[in-house]
Amino acid sequence: MKETKIVTRDLTLHYGQKMALNTINIPIPEKEVTAFIGPSGCGKSTFLRCLNRMNDLIPSVKITGEILIDGLDIYRKKIDVVNLRKKIGMVFQKSNPFAKSIFENVAYGPRINGVNNLKALTEIVERSLKNAAIWDEVKDRLHDSALGLSGGQQQRLCIARTLAVEPEIILMDEPASALDPISTGKIEELIFELKKDYTIVIVTHNMQQAARVSDHTAFFYLGELVEYGKTRKIFTTPEKKQTEEYITGRFG
Amino acid sequence: MERHFELELEKLNKRLIQMGNLVAEQVHNVFDALLRGDAELAHQIIEKDSKVDKLDNKIDKLCQRLFALTQPVATDLRLIMSALKINNDLERMGDHAVAVAQKIEGISDYHEIIEELHIDELVTMTDMIVNDVITILNTKNVAFVKDIFDLASAIDEKAQASTAMIMEEMMHKTDVIVVATNLIIILTNIERLAGYSTNIAESIVFIVDGRIMKHKKKTFEALGNSGTETVTDAGSASDQDKDISAEVTPS
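Protein sequence lines, in the order shown, are assigned to chains A and B. Under this note's numbering, the very last position in the first sequence is 252; numbers go up by exactly one each time. Under this note's numbering, the very last position in the second sequence is 1251; numbers go up by exactly one each time.
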């Protein structure tokens, strides 16, 4: 069995008076893919954003409980959030490349982390683009604008940009929902490759995608974790009736 | 869920029951023909097998379409997977009914042997197991699955005893060798009808709660305690899927 990378203990989150997450306890294994599924507003993206403390940016948010990464609480007082986010990359639904060249997009993170040697940067860019399965498509136009890439290529560039700072965890918030089936297939294949080196947590509305790419699946509903287990179990013999109804489309 | 998918699943269920009833009727009629030595009825059974084959193809195509177009999961996945297997088992049962029908003419002059061997009791039991399993297919009440297994065991024992008696007879009376061989073939077909009934019962359990019962002798004993209890060594997902998530009870 894989080691546990992330554990939450009684994690509860309020937006003002409204409880968005209710005492979530979940162990997320290292170097595996964990998918969060559930209807809109169930708390899955909120939960994902807790994992790199992105919810800190929202003033009305109040969080109780613990999130341990490698055994350390990421909400403890003395933690350096910038360093934490270096360790935890994030890929969003809509690709968001900078209005810079392909090379500069990937080199941006390492540069602000102090890598200025061009040879070292070139190596990082090439390695990251290769690991994001986009190198062959962009190697001859590294200095062209990233905005000229297709949607699927932009998303893989964003993954390359995430990889460039050598994170341990990659959070993905519906990374393929705006992409065509071919680009989606490439992202899914990439996720499969990346899990050899990274712990991946993905939020998706596409249940077939969760079934295809993830090792574990968590079903959220109304801020609660209804069921969490191996994906092959959740999609064949779920324990809870609510899970069964949701994944078979009989919900509500 | 989308209404049209529900309708397709209902259609699948309906066709499966229709197939079950058709095969049960074939089995019932072939036993009737066997006991009465009715060659005409036997002929009708052989003719009617094409209906079973047609329905078999229809169900296969419907399952293929549902897999391709709806990407089923959980209960729906188990139902469609099992429908394919049940359909196949029913079609084979239809073939066994035909195989019995084909032997009826050859033994119609030896009615007294059928009586001596108490084949009437055996066919009554087999007729019952087929009907019962079709009822369970309709109701999905797995509490009665144990009865199917018990009845199948009794049929096996009885068929084997009858086969032994026939072989004994064959050793002493060479003039009955042809009819005796035909009877042994009939008994083998009867055993297979009971065997397919248990296969279908296992598939129904898989549809209802995901337990995989095939190839697991222990399940018979486990079912003896309760028709619906979880059988952990029966290939159920419970053991192999024990994992990290089990450490924490979801809130």
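Read the hints as simulated data drawn from the structure, not as lab findings. Among these hints, one or two may not hold up.
As the list claims (entries may be wrong) - Taking lysine-lysine pairs in the DSBU-like style, the calculated list, with each CA pair at most 35 Å apart, reads:
| hint | chain 1 | residue 1 | chain 2 | residue 2 |
| --- | --- | --- | --- | --- |
| 1 | B | Lys1216 | B | Lys1054 |
| 2 | A | Lys2 | A | Lys195 |
| 3 | B | Lys1048 | A | Lys241 |
| 4 | A | Lys87 | A | Lys18 |
| 5 | A | Lys2 | B | Lys1058 |
| 6 | B | Lys1054 | B | Lys1173 |
| 7 | A | Lys241 | B | Lys1061 |
| 8 | A | Lys240 | B | Lys1146 |
| 9 | B | Lys1058 | A | Lys241 |
| 10 | B | Lys1140 | A | Lys240 |
| 11 | B | Lys1051 | A | Lys240 |
| 12 | B | Lys1011 | A | Lys240 |
| 13 | A | Lys241 | B | Lys1140 |
| 14 | A | Lys241 | B | Lys1103 |
Computed from a predicted structure; not experimentally measured.
Comparing the hints with the structure gives:
1. B:Lys1216 / B:Lys1054: Holds, at about 33 Å.
2. A:Lys2 / A:Lys195: holds, 12 Å
3. B:Lys1048 / A:Lys241: It is violated: about 43 Å lies between the C-alpha atoms, which goes past 35 Å.
4. A:Lys87 / A:Lys18: holds, 30 Å
5. A:Lys2 / B:Lys1058: At roughly 46 Å apart (the allowed maximum being 35 Å), Lys1058 (chain B) and Lys2 (chain A) break the hint.
6. B:Lys1054 / B:Lys1173: This hinted pair is violated, its Cα atoms lying about 43 Å apart.
7. A:Lys241 / B:Lys1061: With Cα atoms ~30 Å apart, Lys241 (chain A) and Lys1061 (chain B) stay inside 35 Å; holds.
8. A:Lys240 / B:Lys1146: Within the cut-off at roughly 26 Å; holds.
9. B:Lys1058 / A:Lys241: Answer holds: Lys1058 (chain B) to Lys241 (chain A) is near 32 Å, not above 35 Å.
10. B:Lys1140 / A:Lys240: Satisfied, since the Cα-Cα distance of roughly 20 Å is no more than 35 Å.
11. B:Lys1051 / A:Lys240: violated, 41 Å
12. B:Lys1011 / A:Lys240: Holds: Lys1011 (chain B) and Lys240 (chain A) sit about 27 Å apart, inside 35 Å.
13. A:Lys241 / B:Lys1140: holds, 18 Å
14. A:Lys241 / B:Lys1103: violated, 51 Å
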